[in-house]
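Q: The residues making up each chain are set out below.
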Amino acid sequence: MRVTKLLTAVMFLGLTATSPLALSQSATDNEILLEQVGDTLNLTILQQGYGNKISGDSTQGSDMTITGSSLNIDIDLIGNSNNFYGNMTTSNSTLDWTITGDSNVWDILMGDMGSADSADILVGITGDSNTMDFDLGSVTSAERLDMDFTLLGDSNVFDVDIEVDDATWNFDITGDNNNFLTSQTDGAYQYMKVVLDGSGGDFDLIQSSGTCPTGVSSCYGYIDINIDSENATVNITQSD
Amino acid sequence: MRQLILLSLISLLHCELSAADTIGGVLEQAGTPGDITRQTGEQLIASVDTGVVSMDTVKTENGRLKIQFVDDTQVAMTEHTVIEINEYVYDPNPSKSKMALNFAQGTARFATGKLGLVPKENIAIQTPTANIGIRGTDFTTTVDELGRSLVILLPDEDCTDRVKLEQGCAPSGSITVTNDGGTVILEEAYQAVMVSTFETSPTQPVVLTDLNINLIDNMFIVSKPTQVVEAEEEQQEARSGADYLAFNDLDIDFLEENFLPDDNLEFSELDIDTLGVNFLVDLLDFLDVEDDPLAADALAVRTGPDKITGTLNPGFDPATNYNTIIDGSGIIWFLRTIDGQGTISVKIPIGSNAKIQTESELTPSTICVNDCSGINIFIRQTQGG
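If you read the sequences in order, they're chains S and V.
With my numbering applied, the first sequence covers 1 to 240.
With my numbering applied, the second sequence covers 1 to 385.
No lab work stands behind these hints: they were computed from the structure.
Note that the structure is a prediction, hence the values are computed from the model and not measured.
Heads up, some of the hints might be wrong.
Unchecked claim - Calculated cross-link-like contacts (lysine to aspartate or glutamate; reagent style EDC-like; alpha-carbon spacing at most 20 Å): (1) K120/V - E199/V; (2) K98/V - E87/V; (3) K355/V - D120/S; (4) K355/V - D159/S; (5) K120/V - D91/V; (6) K347/V - D204/S; (7) K120/V - E79/V; (8) K193/S - D161/S; (9) K120/V - E87/V; (10) K355/V - D161/S; (11) K307/V - D202/S; (12) K355/V - D39/S; (13) K193/S - D159/S; (14) K347/V - D172/S; (15) K347/V - D224/S; (16) K355/V - D306/V; (17) K193/S - D224/S; (18) K347/V - D197/S; (19) K347/V - D317/V; (20) K98/V - E84/V; (21) K193/S - D120/S; (22) K355/V - D204/S; (23) K96/V - E61/V; (24) K355/V - D228/S; (25) K347/V - D176/S; (26) K347/V - D202/S; (27) K347/V - E230/S; (28) K96/V - E121/V; (29) K307/V - D159/S.
Generate coordinates for the entire structure from the input sequences, incorporating the hints supplied.
A: Structure (structure tokens):
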């Protein structure tokens with residue numbers, strides 16, 4: 001029988017710890033500390049406020065860890081100066097992350113310690129001066145990614161590294177003076193679709209193919225960029 | 001009335017032949033009858049009520065004809081036109097019905113059946129240089145002896161009277177024109193595109209502002225209006241008179257007054273025989289000249305105020321490996337595909353200022369759009385990381 005865990009955490013002040021889902025409260029800002037192992041988790045977090053954090057064991061200063069397959073994780077951060085640190089190993093999972101606010105820091109590692117195949121990731125960020133560092137598939141398998149990213153705001157700094165096969169990576173950026181670095185490497189049939197709308201900004205797009213599937217001699221990628229800007233700088237590097 | 005006769009013929013043929021055989025027939029015919037060549041080599045005279053079947057090749061010489069298919073789709077052909085019916089499947093289940101026509105030569109007007117018995121996505125129209133995807137209902141194609149194709153999207157059927165003509169007409173849907181050089185979407189009434197070869201991109205769509213449905217209809221008149229017939233008879237009588245020189249109106253085009261609008265024609269009236277079969281071919285030649293990148297004035301017409309240097313515009317430039325497409329939706333599209341390296345597609349709005357610098361094992365290039373400032377794009381497309 002399929003067992004579905006449902007956790008809905010509406011976070012205003014703090015939560016207590018449970019196992020295997022560990023939640024505890026920091027002495028300072030509001031924190032959600034997650035260490036989750038198991039499949040078919042449905043997790044919804046709405047965190048509102050200033051200076052909040054989602055991470056792992058606070059005593060060790062670790063990141064949030066989530067391990068399992070067929071997960072549905074919906075995280076909604078509303079407010080300024082919030083932090084979201086995590087290490088996720090999830091296959092066949094749907095991740096829906098929304099950040100609304102300024103000066104937030106988001107650092108996520110996915111597919112570092114185990115497979116993260118068939119991820120469907122939807123990210124929406126509205127705000128200014130946010131910082132995001134997202135790495136996917138740097139060590140282990142992370143095939144068939146479908147990632148859609150929408151940013152509405154100015155002066156954000158993002159670094160998104162995707163190292164997977166068969167990735168569809170769409171991002172849509174509206175705002176001025178954003179700094180965006182993304183690489184799509186070590187995979188076959190890479191596809192990157194970019195929509196940029198705003199003044200200024202510096203965008204670096206890197207795409208390089210890795211090993212082709214057996215019997216296929218050429219599996220080069222495709223970068224599709226649509227720019228409406230007065231003075232953006234865009235660097236595109238594509239190699240097979 | 002003729003439609004009823006044709007439908008009766010089709011019904012009769014359905015009784016005599018297998019259901020898959022007769023797919024339509026000649027609805028109207030004027031001038032010297034054309035011919036219909038069966039796949040078996042059998043040749044028939046294309047007179048009214050002659051049936052057509054899949055794999056037929058229909059050809060006109062010094063005459064015109066209109067074919068109607070069982071789903072009510074009509075194809076009107078002017079002189080010296082060849083159409084091959086590559087496939088026609090009519091099934092009570094519309095999703096299984098399909099049609100494939102090859103407009104091999106000449107000028108033809110295609111109007112999908114109002115009954116919608118063949119889904120538009122199952123209709124494939126080919127010319128020697130392009131594939132036409134049907135999302136509209138009414139368009140013309142002209143294919144000249146070089147295989148160049150001119151496609152014009154026509155307005156909807158309500159756009160007939162003078163007031164509507166002046167107010168502007170809604171298109172009869174939209175159509176796509178695709179070849180190895182890219183895809184162009186026509187979605188305005190009288191929007192036209194020309195394709196020179198299958199490898200070069202279609203031209204930027206242009207709206208033939210002084211074209212109207214009467215003008216188009218004139219070209220495809222098979223059953224001429226009574227007044228036209230009368231005018232021709234009068235002219236014939238005059239010509240048959242003893243004293244040709246005594247008749248002063250020999251050179252009058254009686255139709256011109258009735259069908260031409262009073263406003264100025266962008267395409268010189270003096271060069272166009274409005275009833276002549278060569279009218280669309282003339283337009284095709286006109287657009288082909290416009291496509292010449294060396295014709296600076298023509299370029300201005302094609303791309304508005306935008307000035308693009310460093311690569312061929314529009315079309316594929318083997319020196320830069322960029323295919324430049326002005327896609328009709330206000331976008332300048334630079335497409336670069338290098339086998340073994342990948343594809344980079346850059347789209348910027350018409351009117352932007354941009355510089356695109358490209359480094360690769362092949363020839364480096366710098367493309368400027370307008371004043372070469374504004375957006376700075378650096379592309380490094382290489383083999384091996």
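Q: Each hint: holds or not?
A: Evaluated hints:
Of the supplied pair hints, the one linking K120/V and E199/V is violated, its CA atoms being roughly 25 Å apart against a limit of 20 Å. Of the pairs offered as hints, the one joining K98/V and E87/V holds, with about 7 Å between alpha carbons and a cut-off of 20 Å not exceeded. For the proposed pair K355/V and D120/S, the alpha carbon gap of about 35 Å is over 20 Å, so the pair is violated. For the proposed pair K355/V and D159/S, the alpha carbon gap of about 25 Å is over 20 Å, so the pair is violated.
As the CA atoms of K120/V and D91/V are separated by approximately 14 Å, the hinted pair is consistent with the 20 Å bound. For the proposed pair K347/V and D204/S, the alpha carbon gap of about 16 Å is at most 20 Å, so the pair holds. Taking the CA atoms of K120/V and E79/V, the gap is near 27 Å; set against the 20 Å cutoff, the hint is violated. Between K193/S and D161/S the alpha-carbon distance is near 15 Å, which keeps this suggested pair within the 20 Å criterion.
For the proposed pair K120/V and E87/V, the alpha carbon gap of about 14 Å is at most 20 Å, so the pair holds. A distance of roughly 27 Å separates the Cα atoms of K355/V and D161/S; the hinted pair therefore is violated under the 20 Å criterion. For a cut-off of 20 Å, the pair hint linking K307/V to D202/S is broken: about 25 Å separates their Cα positions. At most 20 Å may separate the alpha-carbon atoms for a hinted pair to count; K355/V and D39/S exceed this at roughly 50 Å.
For the proposed pair K193/S and D159/S, the alpha carbon gap of about 16 Å is at most 20 Å, so the pair holds. Restraint check: the Cα-Cα separation between K347/V and D172/S comes to about 14 Å, which is no more than 20 Å; the hinted pair holds. At most 20 Å may separate the alpha-carbon atoms for a hinted pair to count; K347/V and D224/S meet this at roughly 8 Å. For the proposed pair K355/V and D306/V, the alpha carbon gap of about 13 Å is at most 20 Å, so the pair holds.
A C-alpha spacing of about 5 Å is found between K193/S and D224/S, which places the hinted pair at or below 20 Å, so the restraint holds. Straight-line distance between C-alpha atoms of K347/V and D197/S comes to about 12 Å, which keeps the hinted pair within the 20 Å bound. Simply put, K347/V and D317/V have alpha-carbon atoms about 17 Å apart, close enough for the 20 Å limit, and the pair holds. Restraint check for K98/V and E84/V: satisfied, since their Cα atoms lie roughly 15 Å apart, inside the 20 Å limit.
Distance hint between K193/S and D120/S is fulfilled; the C-alpha atoms sit about 16 Å from each other, no more than 20 Å. Taking the CA atoms of K355/V and D204/S, the gap is about 16 Å. The hint holds against a cut of 20 Å. With a CA separation close to 34 Å, the supplied pair K96/V and E61/V exceeds the 20 Å bound. A C-alpha spacing of about 13 Å is found between K355/V and D228/S, which places the hinted pair at or below 20 Å, so the restraint holds.
The hinted pair formed by K347/V and D176/S meets the criterion: a straight-line CA distance of about 19 Å does not exceed 20 Å. As the CA atoms of K347/V and D202/S are separated by approximately 17 Å, the hinted pair is consistent with the 20 Å bound. Taking the CA atoms of K347/V and E230/S, the gap is about 14 Å. The hint holds against a cut of 20 Å. With a C-alpha separation of about 11 Å, the suggested pairing of K96/V with E121/V holds against the 20 Å cut-off.
Using a Cα cut-off of 20 Å, the hinted pair K307/V and D159/S is violated, with the two alpha carbons roughly 35 Å apart.
The structure is inconsistent with the numbered hints 1, 3, 4, 7, 10, 11, 12, 23, 29, although it conforms to all the rest.
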